[in-house]
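Below are the chains, spelled out letter by letter.
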Amino acid sequence: MAVQAKQDDRHFAEIVFRDQQLCIDPRGCLYWPQERLLVVSDLHLEKGSSFAMRRNQFLPPYDTQATLELLALCIDDWRPETVLSLGDSFHDLNASLRLPQSYRLALQQLMAGREWLWVCGNHDPQPPKDLGGTFCSEIFIGALNFIHEPGVDFRHGEIAGHLHPSAKIRRRGKTVRRRCVAGDQNRLIMPAFGTFTGGLNIKDEAYKGLFDKTHLRAWMLSNSEVYEIPDKQLVF
Amino acid sequence: MSEQVLTSSGDENLPFFLPELFENWFSGHCWQPRAHQLELLARAQAGHSTLLIAPTGAGKTLAGFLPSLVELTQMKRPQPGERKRGIHTLYISPLKALAVDIKRNLETPISEMGLNIEIETRTGDTPPSRRQRQKLNPPQILLTTPEQLALLIANKDAEQFFENLDTVIFDELHSLVISKRGHLLALGLARLRSFRPNMKTIGLSATVAEPDELRRWLVTQPSTGEIKLSEFVHLQGGAKPQISILQSEERIPWSGHSARYAMPEVYKAISAHKTTLLFVNTRSQAELLFQELWNINEEALPIAIHHGSLDVGRRRRVEEAMQRNELRAIVATSTLDLGIDWGDVDLVIHVGAPKGASRLAQRIGRANHRIEDPSKAILVPANRFEVMECQAALDANYFGAQDTPPLVSGSLDVLAQHVLGTACAGPFDADKLFSEVTSSAPYAGLKRERFEQIIQYVATGGYALRTYEQYARIRKTVDGLWRLSHPSIAQRYRLNCGTIIEAPMLEVRLTRKRGKNAAFQGGPVLGKIEEGFVEALVPGDTFIFSGQTLRLEGIREASCYVSKAQESDPKIPSYMGGKFPLSTYLADQVRKLLADPSEWKRLPKQVSEWLDIQRLKSVLPKQDQLLVETFPRGDRFYLVAYPFEGRLAHQTLGMLLTRRLERARARPLGFVATDYALAVWGLKDFAAMMRKGELSLEYLFDEDMLGDDLETWLDESFLLKRTFRSCATIAGLIERRFPGKEKTGRQMTVSSDLIYDVLRSHEPDHILLQATRTDAARGLLDVRRLGEMLSRTKQRIVHKNLEQISPLAVPVMMEIGKESIAGEAQESLLEEAAAELKGID
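Protein chains in written order, with numbering that gives the first Met the number 0: chain A, 0 to 235; chain B, 0 to 840.
No lab work stands behind these hints, which were simulated from the structure alone. Among these hints, one or two may not hold up.
Short derived list, chain A residues pointing at chain B, Cβ under 10 angstroms [claimed, not checked]:
id	residue
1	Gln33
2	Ala51
3	Gln56
4	Pro59
5	Asp75
6	Arg78
7	Pro79
8	Arg177
9	Thr196
The calculated lysine to any residue pairs, modelled on SDA-like cross-linking and capped at a C-alpha distance of 25 angstroms, are [unchecked claim]:
id	chain 1	residue 1	chain 2	residue 2
10	B	Lys563	B	Ala299
11	B	Lys475	A	Arg54
12	B	Lys431	B	Arg508
13	A	Lys202	B	Ala517
14	B	Lys691	B	Lys799
15	A	Lys202	B	Arg508
16	A	Lys231	B	Ala834
17	B	Lys446	B	Val782
18	B	Lys591	B	Gln613
19	A	Lys231	B	Arg721
20	A	Lys202	B	Leu509
Chain B residues, not near chain A, derived (Cβ > 12 angstroms throughout) [claimed, not checked]:
id	residue
21	Asn12
22	Pro79
23	Glu325
24	Met504
25	Gly553
26	Gln613
Where is the CB? At the ideal position from N, CA and C, for every residue including glycine.
Bound conformation, chain A alone (with noise of 0.2 angstroms):
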């Protein structure tokens, strides 16, 4: 029977990508310890109120909450030097000036005291408003270059987020359906972080030509654990 994991219980995956040892947390982070830096992707603040304002759609208002307090206990437990948000931190051009007051706090006090990269993503090619912290296309950190929007014409050693990947397996007639770190030996690309966003299947179309099929793997993400999963066992 499956048990509710409690906080304690959770394990990171331990992977070595261009001779780097990262960890891969079941929440959808991910860590460097040589350069004490945490990576977020996707992060879609403020998602619920632009559905409000663009088609008067009333999704729970408390997406931008649930996703900083979860971005908060990650922090909390990796005590990271720099964070690096991989893109698409904000859902529009203006959701960083809609960011109620308390969640602006929030957000500033994650960002007191350590560096803040903001890498901009096709939902937010501009700085955040007041916020702070370094606005750029992509960062290079050693041999791994971090970039929003992953392409067919890359340099080895790629961390990119946009495409949201999840996937899927197939056994004894049962479908199990999760967000993923995806990679090879020369890229990763992140799941998206935020409360309301959903996942692509890495068979989708949208992948092809970005990985080396031999060595592709899925790290799918549960509450609790990370599972390595190579990429004959996925399913579209």
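Using the hints, position chain B against chain A.
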């Protein structure tokens, strides 16, 4: 002719007026107007709303339309230049096909009497150009469905469109009122009444347990809380159907639902009759049996298949062939249900358990639509428990018992949709709308406070955190009226209106090439299939659809591409389990049959022998007892209970029992539920624990499990998420998907789950979560039935500890492995997949 009894409410000698033209038409056919038709005519002419209950074939439809036909012929034709009078009679049916059928049936008397009356249908299939024209130039009689009515009244011109409405006829009212569709329809009716306070309603229904509920539904309920009823005309009796259970020479299986074993005998019956309707409970069962029949169709009899997933064109061709009497048999699911006339059917065969006696009565009414002749039907049970269920249903039919579910109070999500729809038609006053809404029977008990919450929900989502005020959909303006804030909201409403939330469906498209060369665009459409079913397949898997074996090539967007399979045996058995739970009444009859060996002689020999062995090896519970058996098998220990309360109630019970066993450290591993029984297994010897006093059945089956345990489990349950998705769609929180345009159903499921999680942790009392819990408790989980069962069997649990499995336990034990509980086992599947990788590395 067998005896019929007519009873009516109110004045017995109400006068009626039937013009000579009509009298002549009746006598020209050597007919006489029937007494119940005239009673209804008299009541309608006196301006009363009336419920007519009559058996199938009693001329119910004509009875319902007679008052309108008479009145319309008495009205003066409008002079040239005068404005047309608009819709006089609105007819609402639960099925599109029924509306089309009724039009055909009415055209005969109208043309034979030379009446100048326009009748038109308006359904989802009606082309936009005709809808447009209907608005400008409406017919006198409009035949439509509940969804179309909701759209019509959400229109700006609704009041003008219905300004001359005189009568609303509800066909098959018993089936309309039991769902959320019925709630939306009741609200629509209240709206129509606010336009035309003096209009009358006519309800046509098959026999129901509580006619007063329907009588109440038809009329305005006063705000004082008293109950008002419509007039009532009730025709009982008619020929008793001749129903038998198939006496099979073959071995009846322990479990399963396919009834393949009986197909040779079914085929013999088909070839001995003119036209047979073969009813099954699910689409995939229809596919399977259709193929089986063709495999043995040596005489090449024209046998066709008809179910809701098939392409419309294919369905229409089958229906037309049926009417021309070109078919010998048709394998069908519920799409052919209800009162549609299809040619000269002289035999109805019902495969599988009938699940609910009234459904059975309805289906058997299909054969021989003339009331004087008895209908002929054969029941084909698919397994041994179904044999007992069929026997019980047979008894129920003879006694005329009906077990339609009791009506429930109106759903809040439906109300939210209606409030927005009302705003789309024009500004509304909240007080007036509240009294209008509470004048309908389902919402008569609605509290004002709840209504306010719904208005807030419609306006800005109804969250405690009021962040969406500036984007409100409706706003209260200085004149105190609520107005739509933007016309685009009305457009969106029209796309999302309705209460039927179907499982996401994929189009099945045929592609010629297979494997790597398969083309993933174009190709003929064979029909639609549940996404959930296809999702569990991988390319190369074969399954039956549309009467042929198909090979899955791949899924692209909203289509699944298939090729014709060379092999005839599908790899994937497609049966997805029974859709309908065993009704309370029937369950009671089955328990009674089980408890009384003197009744077993009516059962087939192999079944009565099976029960005899059970009596020898274990015990048979009395009608009011709950039998619980425990036994070891392999390295596990089993607990099997036999509540006979239907799969849903058993699933809920199984979830709660495993929780309790876990708390008692009995280390349960899983459970499986059928319509009749429930098996839980685990690592510790349950019986030994009971002997040592570490576990007691009284504790396990205590009623209080429906309190906190249920709450806790519910909140985590995937069932609740599914229910939430449907509530949130009906209430307009999330939008429906549209083929090719919007996100796929798969992504919608994900996002509604995410919304559910966020809402639950931040605002657990939100109005939509309240609506979801109410829905889940009475629908998916059957909590009411479970509660009744637990309180009924208190102190009446019979425990039998056995060395080995009992005969009665075999069917449920055979289900183990075929299915497990979704949600729970996922983690272990992932573990397995990951472990394999480590093995390789």
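*What are the numbers of the hints the structure violates, in ascending order?*
1, 5, 6, 7, 12, 19, 25
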